[in-house]
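Below are the chains, spelled out letter by letter.
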Amino acid sequence: MLIAQDLACVRGDRLLFKRVGFELSAGGLLYVLGENGTGKSSLLRMLCGLLMPEQGEIFWQNKKIKENAENYLPNLTYIGHLNGLKDDLTALENLQISARLAGNDVTDKQTLAALSAIGIARCANLPARVLSQGQKRRVALAMLWLTQSQLWILDEPFAALDVAATEVLATRLGEHMANGGMTIITTHQDVAINARNTQTLRLNA
Amino acid sequence: MHIHWFKYSSPQTFYPLAGKMIPWFAALAVLLTIAGLYVSFAIAPTDFQQGEAYRIIFVHVPAAWMSMFIYIVMAGWAALGLGFNARLSAMMAQALAPTGAIFTLLALVTGSLWGKPMWGAWWVWDARLTSELILLFLYLGFMALQSSIDDPRRADRAGALLALVGVVNVPIIYFSVKWWNTLHQGSTINMGVAPKMAMTMLLGMLLMALAFWMYSIAVALMRVRCIMLERERSTDWVKALSTGGQA
Amino acid sequence: MNTRKTNAKTNAWTSAWLTVLKRDLLLALRRRSDIATTLFFFVIVSSLFPLGIGPEAAVLSSIAPGVLWVAALLAGMISLSRLFAADFTDGTLEQMLLAPQPLAWLVTAKILAHWLVCGLPVVLLAPLIGLQYALPNEALLVLVYSLLLGTPALSLIGAIGAALTLGVRGSGLLVALLVLPLYIPALIFGAGAVAASQHGMSAQAHLSLLAACSLLSLVLAPLATAAALRISVE
Amino acid sequence: MQWASWSAFFNMGGYAFYVWFSFGLTALCLIWEVLALRKRSQQALRLSQLLAQD
Numbered sequence: 464m465l466i467a468q469d470l471a472c473v474r475g476d477r478l479l480f481k482r483v484g485f486e487l488s489a490g491g492l493l494y495v496l497g498e499n500g501t502g503k504s505s506l507l508r509m510l511c512g513l514l515m516p517e518q519g520e521i522f523w524q525n526k527k528i529k530e531n532a533e534n535y536l537p538n539l540t541y542i543g544h545l546n547g548l549k550d551d552l553t554a555l556e557n558l559q560i561s562a563r564l565a566g567n568d569v570t571d572k573q574t575l576a577a578l579s580a581i582g583i584a585r586c587a588n589l590p591a592r593v594l595s596q597g598q599k600r601r602v603a604l605a606m607l608w609l610t611q612s613q614l615w616i617l618d619e620p621f622a623a624l625d626v627a628a629t630e631v632l633a634t635r636l637g638e639h640m641a642n643g644g645m646t647i648i649t650t651h652q653d654v655a656i657n658a659r660n661t662q663t664l665r666l667n668a
Numbered sequence: 067m068h069i070h071w072f073k074y075s076s077p078q079t080f081y082p083l084a085g086k087m088i089p090w091f092a093a094l095a096v097l098l099t100i101a102g103l104y105v106s107f108a109i110a111p112t113d114f115q116q117g118e119a120y121r122i123i124f125v126h127v128p129a130a131w132m133s134m135f136i137y138i139v140m141a142g143w144a145a146l147g148l149g150f151n152a153r154l155s156a157m158m159a160q161a162l163a164p165t166g167a168i169f170t171l172l173a174l175v176t177g178s179l180w181g182k183p184m185w186g187a188w189w190v191w192d193a194r195l196t197s198e199l200i201l202l203f204l205y206l207g208f209m210a211l212q213s214s215i216d217d218p219r220r221a222d223r224a225g226a227l228l229a230l231v232g233v234v235n236v237p238i239i240y241f242s243v244k245w246w247n248t249l250h251q252g253s254t255i256n257m258g259v260a261p262k263m264a265m266t267m268l269l270g271m272l273l274m275a276l277a278f279w280m281y282s283i284a285v286a287l288m289r290v291r292c293i294m295l296e297r298e299r300s301t302d303w304v305k306a307l308s309t310g311g312q313a
Numbered sequence: 174m175n176t177r178k179t180n181a182k183t184n185a186w187t188s189a190w191l192t193v194l195k196r197d198l199l200l201a202l203r204r205r206s207d208i209a210t211t212l213f214f215f216v217i218v219s220s221l222f223p224l225g226i227g228p229e230a231a232v233l234s235s236i237a238p239g240v241l242w243v244a245a246l247l248a249g250m251i252s253l254s255r256l257f258a259a260d261f262t263d264g265t266l267e268q269m270l271l272a273p274q275p276l277a278w279l280v281t282a283k284i285l286a287h288w289l290v291c292g293l294p295v296v297l298l299a300p301l302i303g304l305q306y307a308l309p310n311e312a313l314l315v316l317v318y319s320l321l322l323g324t325p326a327l328s329l330i331g332a333i334g335a336a337l338t339l340g341v342r343g344s345g346l347l348v349a350l351l352v353l354p355l356y357i358p359a360l361i362f363g364a365g366a367v368a369a370s371q372h373g374m375s376a377q378a379h380l381s382l383l384a385a386c387s388l389l390s391l392v393l394a395p396l397a398t399a400a401a402l403r404i405s406v407e
Numbered sequence: 349m350q351w352a353s354w355s356a357f358f359n360m361g362g363y364a365f366y367v368w369f370s371f372g373l374t375a376l377c378l379i380w381e382v383l384a385l386r387k388r389s390q391q392a393l394r395l396s397q398l399l400a401q402d
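Line by line, the protein sequences are chains A, B, C and D.
Using my numbering, you'd call the opening residue of the first sequence number 464 and step up by one each time.
Using my numbering, you'd call the opening residue of the second sequence number 67 and step up by one each time.
Using my numbering, you'd call the opening residue of the third sequence number 174 and step up by one each time.
Using my numbering, you'd call the opening residue of the fourth sequence number 349 and step up by one each time.
Hints are computed from structural coordinates only; laboratory data are not their basis.
Among the clues, some could well be false.
Unchecked claim - A short list of chain B residues far from chain C (calculated; beta carbon distances all over 12 angstroms):
no. : residue
1   : PRO89
2   : ALA108
3   : PHE135
4   : ALA187
5   : ARG219
6   : ALA221
7   : TYR240
8   : SER300
As the list claims (entries may be wrong) - Restricting the straight-line Cα-Cα distance to at most 16 angstroms, the calculated cross-link-like pairs of lysine to aspartate or glutamate (EDC-like) are:
no. : chain 1 : residue 1 : chain 2 : residue 2
9   : C       : LYS182    : A       : GLU486
10  : A       : LYS481    : A       : GLU530
11  : D       : LYS387    : B       : ASP216
12  : B       : LYS305    : A       : ASP476
13  : A       : LYS526    : A       : GLU486
Think of the CB as a built atom: it goes at the ideal place given N, C-alpha and C, for glycine as much as any other residue.
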């Protein structure tokens with residue numbers, strides 16, 4: 464279970480949000496909504512422990528995440544607005560390295576299967592440099608077919624995806640929640656995702 | 067105790083408190099300077115080897131002491147700021163750096179002014195002067211890093227980390243420079259500090275060092291007030307202060 | 174039971190570390206021109222001195238230890254900006270921060286890769302340049318030893334500067350200002366070792382101190398670098 | 349007292365330039381720092397006053 468209490472975020476000399484809190488339990492889906500510049504991405508980064516909250520605490524299984532990173536990070540998959548791809552490496556290499564860094568020792572076959580699940584197996588051996596924005600995004604998202612972590616934090620996963628890929632991803636997210644996973648997501652698109660319980664958190668300027 | 071610390075560590079409460087403290091430290095600095103100058107010029111005897119030129123040590127040595135002392139204090143504030151995420155500590159570290167750099171520069175210039183009549187050269191690669199020079203680089207690096215990062219929180223924390231790295235390195239650098247110096251120069255002239263230095267000379271240096279110390283505190287408090295005003299520009303308390311103060 | 178758990182943990186640590194190392198080496202291999210730039214810089218800087226000073230062998234061999242060490246130090250420094258900058262802009266740095274293993278541990282793999290790509294070639298090339306400076310054979314050997322022991326410290330300390338200036342405007346110059354003063358002990362002991370052997374003295378003490386510098390930076394620098402990266406990524 | 353006369357005092361045993369330059373420069377730097385800080389704080393206050401009026 465992930466609990467956020469009384470979070471506040473300051474960027475530069477601007478207070479982006481304060482008193483943000485929620486509880487997310489197994490099978491739960493949390494939409495983070497808000498205009499641009501209200502701190503959605505900052506909130507997600509905070510939940511990953513990349514950004515220190517100005518105020519407030521985040522708990523994973525009732526322990527503060529910053530003191531318990533060793534147990535928290537293996538349970539977390541974060542895909543931010545940066546794809547985390549190296550231009551000089553092929554899609555396959557990129558995905559495999561990302562997965563291994565996250566602690567999943569995947570084989571070439573598994574990696575290829577993940578790429579084909581999101582429909583870009585044919586790009587597997589192309590360097591990331593030549594891929595389009597949408598293809599790069601899909602390579603990054605293919606991680607969701609390799610990870611075993613329980614909590615997924617996704618920043619605009621549907622941006623730059625076509626209709627087919629969006630549907631595939633939405634199905635995958637539904638599966639994840641059906642298996643007791645949790646997802647925190649920001650999105651501009653209206654995509655239906657199945658979850659046992661769905662919450663919405665709206666950030667206001 | 068805990069609550070107290072956090073109360074005074076908020077800029078809004080610390081600003082007036084610092085304002086009240088400044089005149090006291092400034093007055094102490096002035097009094098100590100007068101006493102120090104009196105001892106340095108009127109009481110301390112002429113050095114039989116160096117003549118009157120040795121009187122430069124009454125600014126040089128205290129300035130050199132302060133330059134090192136301020137760096138350590140700065141690193142201390144930086145560590146507090148990093149450890150407890152206390153904004154005020156980081157601001158104090160930032161406020162101390164320029165004063166430390168000024169004392170380092172003064173130690174360098176007065177050292178070279180002392181060296182010219184004694185060694186016959188404006189600059190000698192003696193261990194102490196060389197270390198001061200490197201200390202100046204460390205101060206400049208700290209200030210350059212802080213001023214080139216726009217986000218104040220990141221600037222505070224990056225600067226603090228650099229100060230800590232620097233303070234770990236200072237003894238190593240000092241030792242290595244000393245080692246280098248003894249290898250390359252058979253004998254070094256020991257700056258000012260004769261083996262049996264007259265008590266009055268020591269007293270003069272101590273008084274001047276204390277005066278510089280009080281001055282540094284006063285100036286650091288002044289600067290921390292400026293930093294608070296600039297950072298909290300858009301907060302209500304600064305706005306109220308600026309309009310109320312002018313009326 | 175407990176040992177198996179520890180074993181699994183050790184394996185995970187090694188595998189993540191090797192992943193980072195292999196990735197960085199692979200990237201360097203695909204961009205060989207980067208290695209060449211560092212080496213070329215080293216060669217050109219050390220070739221400028223004889224042109225400025227004159228070809229007299231006695232003078233050249235007396236300045237050689239200092240010049241070669243300073244050139245190696247500058248070559249290492251200009252390559253620092255590449256250490257984390259690309260990872261920062263493409264998002265792979267975030268992946269490293271979120272890896273289950275401690276960041277300081279993974280950072281050592283990155284620094285090792287950087288040293289293998291930018292430090293080691295300079296170490297291997299240095300004796301050739303030393304020949305141009307009329308260094309005797311023993312001194313050449315000591316030069317290689319001293320660079321071998323000292324350049325890891327340069328990469329380790331440099332990593333702190335690179336991490337602190339990540340994404341900061343004017344970071345290339347800034348990193349020089351931050352890092353060069355911290356390089357001074359390595360420079361003194363490294364160049365001192367070569368000079369000592371030139372004067373027929375033992376370089377042992379210098380080399381030991383240099384090794385001590387490298388060991389100390391090996392312990393402290395990754396921790397400081399990791400802390401700096403966390404600050405810079407925020 | 350160390351000095352026979354005021355002129356002996358100012359002469360500093362022939363080292364007048366070195367001694368007085370050292371002390372003078374120190375005084376100058378420290379006074380300049382105080383004045384610069386005073387100006388900085390006035391400027392900061394003036395700017396936030398302008399901000400407050402908006």
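SER300(B) clear of chain C by more than 12 angstroms, beta carbon to beta carbon?
-> 21 angstroms, holds
Next item on the list: Beyond 12 angstroms from every chain C Cβ: check whether that's true for ALA187(B).
Entry: 21 angstroms, holds
Report holds if the minimum CB distance from ARG219(B) to chain C is greater than 12 angstroms, and violated otherwise. 8 angstroms, violated
Straight-line Cα separation of LYS387(D) and ASP216(B) no greater than 16 angstroms? Measuring from Cα to Cα gives roughly 23 angstroms; hence the hint is violated.
**Study point:** Closest CB of chain C to the CB of ALA108(B) still more than 12 angstroms away
**Key:** 40 angstroms, holds
- Item | Given pair status - ASP476(A), LYS305(B), alpha carbons within 16 angstroms | 15 angstroms, holds
Margin query: If I take the minimum Cβ distance from TYR240(B) to any residue of chain C, is it greater than 12 angstroms?
Written below: 9 angstroms, violated
_Beyond 12 angstroms on every Cβ pair: is that true for PHE135(B) relative to chain C?_
Holds, because the least Cβ-Cβ distance between PHE135(B) and chain C comes to about 19 angstroms, which exceeds 12 angstroms.
Below or equal to 16 angstroms on CA atoms is what counts here, so check LYS526(A) against GLU486(A).
14 angstroms, holds
Requested in this report: Take a quick look at whether LYS481(A) and GLU530(A) sit within 16 angstroms of each other, Cα to Cα.
Outcome: Violated. LYS481(A) to GLU530(A) sits at ~22 angstroms, over the 16 angstroms cutoff.
Outside-interface status for ALA221(B) - nearest CB in chain C farther than 12 angstroms | 9 angstroms, violated
Note to self: With the threshold set at 16 angstroms, check whether the alpha-carbon distance from LYS182(C) to GLU486(A) stays at or below it.
What the structure shows: 31 angstroms, violated
In the structure shown, a violation is registered for the earlier hints numbered 5, 6, 7, 9, 10 and 11, in ascending order.
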